[in-house]
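Colleague: From first to last, the protein sequence lines are chains S and A.
Okay, so the first sequence: first residue is 1 according to our numbering, each after it adds one.
Okay, so the second sequence: first residue is 1 according to our numbering, each after it adds one.
Please note that a few of the clues may not be correct.
Note that the list lumps identical chains together, so a pair holds whenever it fits in one copy or between two copies.
To be verified - Only pairs whose alpha carbons sit at most 25 Å apart, straight line, appear in this in silico PhoX-like list of lysine-lysine:
| hint | residue 1 | residue 2 |
| --- | --- | --- |
| 1 | 240 | 275 |
| 2 | 109 | 93 |
| 3 | 217 | 244 |
| 4 | 49 | 275 |
| 5 | 104 | 244 |
| 6 | 93 | 104 |
| 7 | 244 | 109 |
| 8 | 285 | 240 |
| 9 | 223 | 154 |
| 10 | 131 | 179 |
| 11 | 258 | 216 |
| 12 | 217 | 154 |
Treat the hints as calculated values from the structure; they're not laboratory data.
Nothing here was measured: the structure is a model prediction, and the numbers come from that model.
Protein chains: 2
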Amino acid sequence: MRFELTILGSGSALPTSNRNTTAQVLNVLERFFLLDCGEGTQHQLRKFKVSFNQIGHILISHLHGDHFFGLFGLISTMSLVGRERPLHIYGPKELEDILSHVLKPQFDKPPFPIVFHSLPEDEIGIIYEDKVVTVTAFPLRHSIPVWGFKFSEKPRLRKIIPEKIEEYSISIPEINSVKSGEHLERDGDIISNADLTTNPLSPRSYVFMTDTLIMKKYMDILKGSQVLYHEATFLHEDVKLARKTMHTTAKQAAELAKEAQIENLLLGHFSTRYKSDQLFLDEAKAVFPNTTLAIDGLVMSWPENNSEFSIKMSSSAKE
Amino acid sequence: MRFELTILGSGSALPTSNRNTTAQVLNVLERFFLLDCGEGTQHQLRKFKVSFNQIGHILISHLHGDHFFGLFGLISTMSLVGRERPLHIYGPKELEDILSHVLKPQFDKPPFPIVFHSLPEDEIGIIYEDKVVTVTAFPLRHSIPVWGFKFSEKPRLRKIIPEKIEEYSISIPEINSVKSGEHLERDGDIISNADLTTNPLSPRSYVFMTDTLIMKKYMDILKGSQVLYHEATFLHEDVKLARKTMHTTAKQAAELAKEAQIENLLLGHFSTRYKSDQLFLDEAKAVFPNTTLAIDGLVMSWPENNSEFSIKMSSSAKE
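Okay, chain S solo, but in the shape it has when bound (with noise of 0.2 Å):
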């Protein structure tokens, strides 16, 4: 039942040997969810092992090139290692035409079913549903249109305990209805729910911001989410600068998570104009201690049962 993010590319617009341009892999009890594609997120898929077939959906956030140039690319390889499962793209509308455009010269028809959804224009909206968890995007603002995105994983039944079933015979119908919190009845007594059940695990969530100047509006979409990751552009000392080029500092967005009580911060898209990234941690953690730089290769899974929140980094990262 895994919730784990997989950071593919780190970096800003110019990828450099450790940051590639934004892309990130989200499984969410194994659906898998490519959030952004720069140009050679293929390269990093293959290098992280994980597979091209098992993503089902791709969510672009907005068009520049360091968000998106690797689309093509990689439904070109999709096609070429047999993928006949359809594909799920979410993105600003214009990003079909451009796609066709892209596409059309070696594709007389698309290699598989491509279906194309386009971003809610100027207000909220679920992009996606299912039974364990829902997709919401919401407009962020920057220099062209972009969406931030949340996967929030639905409300899970509660955990009967199993010695109870022996001890009431409780019938499988009784035991749905135990799970979904009724009280039990044996012999006209009342058995508390409370008395058969745990706690189900919390409902788990991450949401992604990029590319936006600090937006502290969403705090209805923020508030309970374990993970949060925004871009750091720039460091505070570049404040106006980061006004300037509709980006958000490390500090605004260790602030952004603080308000919004924040479990855990992931930071990335720095600027490769400073001598180094640690700038971008310790300026995060004296506003928000629980602050992780993203670099590529980086694995952060939520916890399960009475496990730990892990972030470590892929096995492949090093090789």
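Using the hints, position chain A against chain S.
Modeller: Quick look at chain A alone, frame taken from chain S:
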């Protein structure tokens, strides 16, 4: 006076860890031509320490993704690092429209002058010429329109023997006429040009042919070329598949090199279906011994003066 080729990507459609998709840089006397530009070419340029700004001309052989999907990111990066000088792009006519669609969201207007040149359809044509080099495009045969390219150094002036300048007090205007092959007159006598000069270096040339059925009709173009790069997607055991997919086998490429009396054959674009690339080399060498397999980072330098042909790996290839 370098004439030097650097292989940036030597693979076919699926990039692997040591062979990226097609791209090469040819330096002809400090004019830098980029031949094809698969996804990740900007990463390879950086890896092999080729300056982005030096590249004046980009030639795209055809519109399959593994030959041009890196163009968008490279242009974006050139803009970010402050390029101002014009960039000339030569490609199938549809490429101009594709470029404008893809780059439109991030650039209101081109970030630096981009001059697009459509390749001549169904005929051989000179696409670039200056005082030292001529570049010719010629149509090949693949599933979509594709072109080969020839780079020919122009004949050089004869080399004047330094001691003769003093001996005959040759003036500067006379030096230029002697270099052009004329005789010298002194006191009514004719001093033969052969006594004053030595032969110049023979003009150097390079032919690039990728993604094509084997074509023997271009012997006039090939004859006298020192180096031919040819695709060898398949081994000859799969010649039927090569015909069906409109590619070439290693043996066919070697036979072409032999018939055209090429000096050096460089093979690339290998299918990943075979267990070792050595098989391509063995097959080609049986027909044409002077064959080399292209590999990312390989640098081939044409001889100058009395030096030898040099084939070595870029010093940064192993980093």
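Colleague: Since the copies are identical, ignore which copy is meant and state whether residue 258 and residue 216 lie within 25 Å (CA to CA) inside a copy, between copies, both or neither.
Modeller: within (11 Å within a copy, 70 Å between copies)
Colleague: For the identical chains here, do residue 240 and residue 275 meet the 25 Å Cα criterion within one copy, between copies, both, or neither?
Modeller: Within one copy only: 19 Å inside a chain, 56 Å across chains, cut-off 25 Å.
Colleague: I want to check one pair: residue 49 and residue 275. Are their C-alpha atoms no more than 25 Å apart within a copy, between two copies, both, or neither?
Modeller: between (31 Å within a copy, 21 Å between copies)
Colleague: For residue 104 and residue 244, with the copy left unspecified, which applies at a CA distance of at most 25 Å: within, between, both, or neither?
Modeller: So residue 104 and residue 244 pass the 25 Å test across copies only (21 Å; inside, 37 Å).
Colleague: I want to check one pair: residue 285 and residue 240. Are their C-alpha atoms no more than 25 Å apart within a copy, between two copies, both, or neither?
Modeller: within (21 Å within a copy, 63 Å between copies)
Colleague: As a check of your reading, is residue 131 near residue 179 (CA-CA no more than 25 Å) within one copy, between copies, both or neither?
Modeller: within (16 Å within a copy, 83 Å between copies)
Colleague: Evaluate residue 217 and residue 244 at a C-alpha cut-off of 25 Å and name the case that applies: within, between, both or neither.
Modeller: within (20 Å within a copy, 58 Å between copies)
Colleague: Cα distance capped at 25 Å. Does residue 93 pair with residue 104 within a copy, between copies, both, or neither?
Modeller: For residue 93 and residue 104, both the intra-copy (18 Å) and inter-copy (13 Å) Cα distances are at most 25 Å.
Colleague: State whether the alpha carbon distance between residue 109 and residue 93 is at most 25 Å within one copy, between copies, both, or neither.
Modeller: both (20 Å within a copy, 21 Å between copies)
Colleague: Could you place residue 217 and residue 154 in one of the four classes (within, between, both, neither) given a Cα distance threshold of 25 Å?
Modeller: within (23 Å within a copy, 66 Å between copies)
Colleague: From the Cα coordinates, with 25 Å as the cut-off, is the pair residue 223 and residue 154 best called within, between, both, or neither?
Modeller: within (15 Å within a copy, 70 Å between copies)
Colleague: Indicate which option fits the pair residue 244, residue 109 if close means a Cα-Cα distance not exceeding 25 Å: within, between, both or neither.
Modeller: between (42 Å within a copy, 19 Å between copies)
Violated hints for the displayed structure: none, as all numbered hints are satisfied.
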